[in-house]
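Chemist: Work the whole structure out from these sequences, hints included.
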Amino acid sequence: MKRLLSLLLSLTVIISLSVPAFAAGPSFLDVSQSHWAYQFVEQAAKEGWVSGVGNGKFNPNGKVTGAEWYTMVIRAFFPDKIPDEAPAGQWYSGKWYAPYAAAGDQLEFAERLDDYATSQDIAERPLTRAEMAAVIFKVLSWYDVQAPEDKLLEAEQSIPDINNYALEDGRRGPIIKCYALGILAGADSKGTFNGEADMTRAQAAVTLCRLADVIEAKENGTLPGPDDKPDPKPDPEPGDQTTANVPTEAEALRRNYGSATGLSAGHVLDK
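Numbering (my numbering), first residue to last: 1154 to 1424.
Source of the hints: derived by calculation from the structure; they are not laboratory data.
We treat Cβ as the ideally placed atom computed from N, Cα and C, and that holds for glycine.
Take these hints with a grain of salt, some might be off.
[To be verified] Here are the computed distance ranges between Cβ atoms for each label pair:
| hint | residue 1 | residue 2 | range |
| --- | --- | --- | --- |
| 1 | Asp1268 | Lys1199 | 19 to 29 Å |
| 2 | Trp1244 | Gln1186 | 35 to 45 Å |
| 3 | Asp1322 | Leu1182 | 36 to 46 Å |
[What the hints assert, rightly or not] Below, computed lysine to aspartate or glutamate pairings styled on EDC-like, alpha-carbon distance capped at 20 Å:
| hint | residue 1 | residue 2 |
| --- | --- | --- |
| 4 | Lys1216 | Asp1274 |
| 5 | Lys1210 | Glu1195 |
| 6 | Lys1291 | Glu1369 |
| 7 | Lys1248 | Asp1274 |
| 8 | Lys1216 | Asp1183 |
| 9 | Lys1216 | Asp1341 |
| 10 | Lys1216 | Glu1349 |
| 11 | Lys1291 | Asp1341 |
| 12 | Lys1234 | Glu1261 |
| 13 | Lys1343 | Asp1314 |
| 14 | Lys1199 | Glu1369 |
| 15 | Lys1304 | Glu1369 |
| 16 | Lys1248 | Glu1277 |
| 17 | Lys1248 | Glu1238 |
| 18 | Lys1216 | Asp1351 |
| 19 | Lys1291 | Glu1264 |
| 20 | Lys1291 | Asp1274 |
Modeler: This is the structure in C-alpha coordinates:
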(Lines of atoms letter the chains of each structure in order from A and count residues from 1; the text may use other names and numbers.)
(Lines give C-alpha, C1' and ligand atoms only; values in the text may rest on other atoms or scores of the structure.)
Protein backbone atom coordinates (compact mmCIF):
# COMPACT_ATOMS: atom_id res chain seq x y z
CA MET A 1 0.00 0.00 0.00
CA LYS A 2 2.81 2.37 0.91
CA ARG A 3 4.56 1.60 -2.36
CA LEU A 4 1.35 2.36 -4.27
CA LEU A 5 0.88 5.68 -2.48
CA SER A 6 4.52 6.57 -3.14
CA LEU A 7 4.10 5.75 -6.82
CA LEU A 8 0.93 7.84 -7.06
CA LEU A 9 2.65 10.76 -5.33
CA SER A 10 5.59 10.56 -7.73
CA LEU A 11 3.26 10.55 -10.73
CA THR A 12 1.40 13.55 -9.34
CA VAL A 13 4.65 15.50 -8.96
CA ILE A 14 5.77 14.58 -12.50
CA ILE A 15 2.42 15.61 -13.98
CA SER A 16 2.39 18.90 -12.06
CA LEU A 17 5.87 19.71 -13.31
CA SER A 18 4.92 18.86 -16.87
CA VAL A 19 1.79 21.00 -17.06
CA PRO A 20 3.55 24.36 -17.60
CA ALA A 21 5.56 22.94 -20.49
CA PHE A 22 2.44 21.65 -22.23
CA ALA A 23 0.48 24.76 -21.34
CA ALA A 24 3.16 27.11 -22.64
CA GLY A 25 2.08 29.12 -25.66
CA PRO A 26 2.02 32.63 -27.08
CA SER A 27 2.28 35.41 -24.52
CA PHE A 28 -0.27 37.47 -26.44
CA LEU A 29 -3.59 36.44 -27.93
CA ASP A 30 -3.03 38.43 -31.12
CA VAL A 31 0.52 37.18 -31.83
CA SER A 32 0.23 33.49 -32.65
CA GLN A 33 3.15 31.15 -33.25
CA SER A 34 2.56 31.56 -36.99
CA HIS A 35 2.93 35.36 -36.85
CA TRP A 36 6.01 36.60 -38.72
CA ALA A 37 7.29 38.47 -35.64
CA TYR A 38 6.31 35.88 -33.03
CA GLN A 39 9.78 34.89 -31.81
CA PHE A 40 10.89 38.51 -31.59
CA VAL A 41 7.79 39.66 -29.70
CA GLU A 42 8.21 36.75 -27.30
CA GLN A 43 11.87 37.54 -26.70
CA ALA A 44 11.29 41.27 -26.23
CA ALA A 45 8.42 40.60 -23.82
CA LYS A 46 10.43 38.02 -21.88
CA GLU A 47 13.29 40.49 -21.49
CA GLY A 48 10.89 43.19 -20.28
CA TRP A 49 11.60 45.51 -23.20
CA VAL A 50 7.98 45.59 -24.38
CA SER A 51 4.63 44.92 -22.77
CA GLY A 52 1.07 44.33 -23.87
CA VAL A 53 -1.71 46.83 -24.38
CA GLY A 54 -4.18 45.06 -22.11
CA ASN A 55 -6.65 42.18 -22.35
CA GLY A 56 -3.81 39.81 -23.20
CA LYS A 57 -3.03 41.57 -26.48
CA PHE A 58 0.13 43.09 -27.97
CA ASN A 59 -1.41 44.95 -30.94
CA PRO A 60 1.43 44.10 -33.37
CA ASN A 61 0.15 46.43 -36.09
CA GLY A 62 -0.30 49.37 -33.75
CA LYS A 63 1.79 52.48 -34.24
CA VAL A 64 4.74 53.29 -31.98
CA THR A 65 5.23 56.83 -30.69
CA GLY A 66 8.58 58.40 -30.02
CA ALA A 67 8.02 58.14 -26.27
CA GLU A 68 7.20 54.44 -26.57
CA TRP A 69 10.32 53.81 -28.66
CA TYR A 70 12.50 55.69 -26.16
CA THR A 71 10.95 53.58 -23.40
CA MET A 72 11.63 50.28 -25.18
CA VAL A 73 15.21 51.19 -26.10
CA ILE A 74 16.12 52.50 -22.65
CA ARG A 75 14.63 49.47 -20.93
CA ALA A 76 16.65 47.22 -23.23
CA PHE A 77 20.02 48.97 -23.32
CA PHE A 78 20.22 51.70 -20.67
CA PRO A 79 18.15 50.60 -17.65
CA ASP A 80 20.71 52.13 -15.29
CA LYS A 81 20.03 55.57 -16.81
CA ILE A 82 16.36 55.64 -15.78
CA PRO A 83 16.11 58.24 -12.99
CA ASP A 84 14.19 57.46 -9.83
CA GLU A 85 12.47 60.80 -10.30
CA ALA A 86 12.38 62.84 -13.50
CA PRO A 87 13.47 66.49 -13.24
CA ALA A 88 10.71 69.03 -12.72
CA GLY A 89 9.99 71.91 -15.06
CA GLN A 90 10.74 69.97 -18.25
CA TRP A 91 8.51 69.54 -21.29
CA TYR A 92 7.88 65.94 -20.26
CA SER A 93 7.14 66.65 -16.59
CA GLY A 94 3.99 64.87 -15.45
CA LYS A 95 3.93 62.51 -18.44
CA TRP A 96 3.95 58.73 -17.99
CA TYR A 97 7.15 58.59 -20.02
CA ALA A 98 8.96 61.34 -18.06
CA PRO A 99 11.77 59.09 -16.72
CA TYR A 100 12.45 57.71 -20.20
CA ALA A 101 12.37 61.12 -21.83
CA ALA A 102 14.83 62.36 -19.20
CA ALA A 103 17.12 59.41 -19.94
CA GLY A 104 16.71 60.01 -23.67
CA ASP A 105 17.82 63.62 -23.25
CA GLN A 106 20.85 62.52 -21.26
CA LEU A 107 21.70 59.98 -23.96
CA GLU A 108 21.21 62.62 -26.69
CA PHE A 109 18.81 60.42 -28.62
CA ALA A 110 17.55 63.37 -30.66
CA GLU A 111 20.99 64.40 -31.94
CA ARG A 112 20.41 62.97 -35.42
CA LEU A 113 16.86 64.34 -35.45
CA ASP A 114 17.85 67.92 -34.77
CA ASP A 115 17.54 69.05 -38.39
CA TYR A 116 13.85 68.27 -38.51
CA ALA A 117 12.53 67.18 -35.11
CA THR A 118 13.17 67.02 -31.37
CA SER A 119 12.31 64.50 -28.69
CA GLN A 120 9.27 66.59 -27.84
CA ASP A 121 8.13 66.69 -31.48
CA ILE A 122 8.05 62.91 -31.80
CA ALA A 123 6.95 62.00 -28.26
CA GLU A 124 3.24 61.58 -28.83
CA ARG A 125 2.93 60.95 -32.55
CA PRO A 126 3.70 57.82 -34.58
CA LEU A 127 7.42 57.43 -35.16
CA THR A 128 8.65 57.01 -38.73
CA ARG A 129 11.12 54.33 -39.77
CA ALA A 130 13.73 56.99 -40.51
CA GLU A 131 13.34 58.48 -37.03
CA MET A 132 13.60 55.00 -35.53
CA ALA A 133 16.91 54.54 -37.39
CA ALA A 134 18.22 57.84 -36.02
CA VAL A 135 17.67 56.68 -32.43
CA ILE A 136 19.26 53.30 -33.19
CA PHE A 137 22.28 55.15 -34.56
CA LYS A 138 22.75 56.89 -31.22
CA VAL A 139 22.52 53.58 -29.35
CA LEU A 140 25.20 52.14 -31.63
CA SER A 141 27.36 55.20 -30.95
CA TRP A 142 27.09 54.78 -27.18
CA TYR A 143 28.13 51.14 -27.52
CA ASP A 144 30.90 52.09 -29.97
CA VAL A 145 29.57 49.78 -32.68
CA GLN A 146 31.06 50.46 -36.10
CA ALA A 147 30.20 48.93 -39.46
CA PRO A 148 32.75 47.64 -41.98
CA GLU A 149 33.31 50.11 -44.82
CA ASP A 150 32.45 47.56 -47.51
CA LYS A 151 29.15 46.86 -45.78
CA LEU A 152 28.35 50.57 -45.65
CA LEU A 153 29.01 50.88 -49.37
CA GLU A 154 27.00 47.76 -50.12
CA ALA A 155 24.09 49.03 -48.04
CA GLU A 156 24.23 52.48 -49.65
CA GLN A 157 24.04 50.94 -53.11
CA SER A 158 21.26 48.50 -52.20
CA ILE A 159 18.64 50.98 -50.94
CA PRO A 160 16.56 52.19 -53.91
CA ASP A 161 15.19 55.24 -52.15
CA ILE A 162 18.32 56.35 -50.28
CA ASN A 163 18.57 59.47 -52.45
CA ASN A 164 15.41 60.72 -50.77
CA TYR A 165 17.85 61.70 -48.02
CA ALA A 166 20.69 64.10 -48.84
CA LEU A 167 24.15 63.27 -47.50
CA GLU A 168 23.87 66.07 -44.93
CA ASP A 169 20.41 64.85 -43.84
CA GLY A 170 20.58 63.53 -40.30
CA ARG A 171 18.55 60.49 -41.34
CA ARG A 172 20.70 59.19 -44.21
CA GLY A 173 23.74 57.98 -42.26
CA PRO A 174 21.71 56.08 -39.66
CA ILE A 175 19.64 54.32 -42.35
CA ILE A 176 22.75 53.11 -44.16
CA LYS A 177 24.48 51.98 -40.98
CA CYS A 178 21.40 50.09 -39.78
CA TYR A 179 21.20 48.31 -43.14
CA ALA A 180 24.93 47.55 -43.08
CA LEU A 181 24.66 45.91 -39.67
CA GLY A 182 21.50 43.97 -40.52
CA ILE A 183 19.36 45.76 -37.95
CA LEU A 184 16.94 47.13 -40.54
CA ALA A 185 15.89 45.76 -43.90
CA GLY A 186 13.75 46.88 -46.79
CA ALA A 187 10.00 47.17 -46.66
CA ASP A 188 9.63 45.27 -49.95
CA SER A 189 11.47 42.81 -52.18
CA LYS A 190 13.44 45.66 -53.77
CA GLY A 191 14.91 46.73 -50.45
CA THR A 192 13.05 50.05 -50.38
CA PHE A 193 13.42 51.63 -46.95
CA ASN A 194 10.20 53.68 -47.00
CA GLY A 195 11.48 55.92 -44.26
CA GLU A 196 8.36 58.04 -43.88
CA ALA A 197 6.16 55.04 -43.08
CA ASP A 198 5.07 54.66 -39.47
CA MET A 199 6.79 52.09 -37.31
CA THR A 200 4.66 49.27 -35.90
CA ARG A 201 4.91 47.51 -32.57
CA ALA A 202 5.88 44.24 -34.26
CA GLN A 203 8.67 46.02 -36.16
CA ALA A 204 9.83 47.56 -32.89
CA ALA A 205 10.17 44.13 -31.26
CA VAL A 206 12.10 42.75 -34.24
CA THR A 207 14.41 45.77 -34.32
CA LEU A 208 15.14 45.60 -30.59
CA CYS A 209 16.16 41.95 -30.88
CA ARG A 210 18.38 42.54 -33.91
CA LEU A 211 20.01 45.52 -32.21
CA ALA A 212 20.64 43.42 -29.11
CA ASP A 213 22.29 40.74 -31.26
CA VAL A 214 24.61 43.30 -32.88
CA ILE A 215 25.62 44.81 -29.55
CA GLU A 216 26.23 41.36 -28.08
CA ALA A 217 28.38 40.43 -31.09
CA LYS A 218 30.40 43.60 -30.62
CA GLU A 219 30.87 42.93 -26.91
CA ASN A 220 31.92 39.33 -27.68
CA GLY A 221 34.36 40.42 -30.35
CA THR A 222 32.53 38.58 -33.13
CA LEU A 223 31.34 41.63 -35.05
CA PRO A 224 33.54 42.60 -38.03
CA GLY A 225 35.45 45.79 -37.35
CA PRO A 226 35.18 49.04 -39.32
CA ASP A 227 38.61 48.54 -40.89
CA ASP A 228 37.89 45.10 -42.34
CA LYS A 229 38.38 45.46 -46.08
CA PRO A 230 36.99 43.47 -49.00
CA ASP A 231 39.34 41.79 -51.44
CA PRO A 232 41.28 44.42 -53.42
CA LYS A 233 39.81 45.32 -56.80
CA PRO A 234 41.93 45.04 -59.96
CA ASP A 235 43.48 48.20 -61.36
CA PRO A 236 41.20 49.98 -63.88
CA GLU A 237 41.87 49.47 -67.54
CA PRO A 238 43.59 52.35 -69.37
CA GLY A 239 41.06 54.95 -70.41
CA ASP A 240 38.57 54.03 -67.69
CA GLN A 241 37.08 56.99 -65.87
CA THR A 242 37.96 56.52 -62.23
CA THR A 243 37.14 58.43 -59.12
CA ALA A 244 39.70 56.68 -56.94
CA ASN A 245 40.69 59.92 -55.25
CA VAL A 246 37.13 61.06 -54.66
CA PRO A 247 35.60 59.80 -51.39
CA THR A 248 32.51 57.65 -51.86
CA GLU A 249 29.42 58.46 -49.84
CA ALA A 250 30.16 55.37 -47.74
CA GLU A 251 33.62 56.75 -46.93
CA ALA A 252 32.08 60.11 -46.09
CA LEU A 253 29.58 58.34 -43.88
CA ARG A 254 32.34 56.57 -42.08
CA ARG A 255 34.20 59.81 -41.53
CA ASN A 256 31.11 61.73 -40.42
CA TYR A 257 29.20 59.02 -38.60
CA GLY A 258 31.84 56.48 -37.64
CA SER A 259 34.52 56.58 -34.98
CA ALA A 260 34.21 60.33 -34.52
CA THR A 261 30.86 59.78 -32.81
CA GLY A 262 31.60 56.34 -31.46
CA LEU A 263 32.12 57.10 -27.77
CA SER A 264 31.23 54.52 -25.19
CA ALA A 265 28.56 55.50 -22.68
CA GLY A 266 31.07 55.94 -19.88
CA HIS A 267 33.01 58.59 -21.77
CA VAL A 268 30.22 61.13 -21.48
CA LEU A 269 27.50 59.93 -19.18
CA ASP A 270 29.73 59.50 -16.17
CA LYS A 271 31.16 63.00 -16.35
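Chemist: Mind listing which of the numbered hints don't hold for this structure, in increasing order?
Modeler: 1, 11
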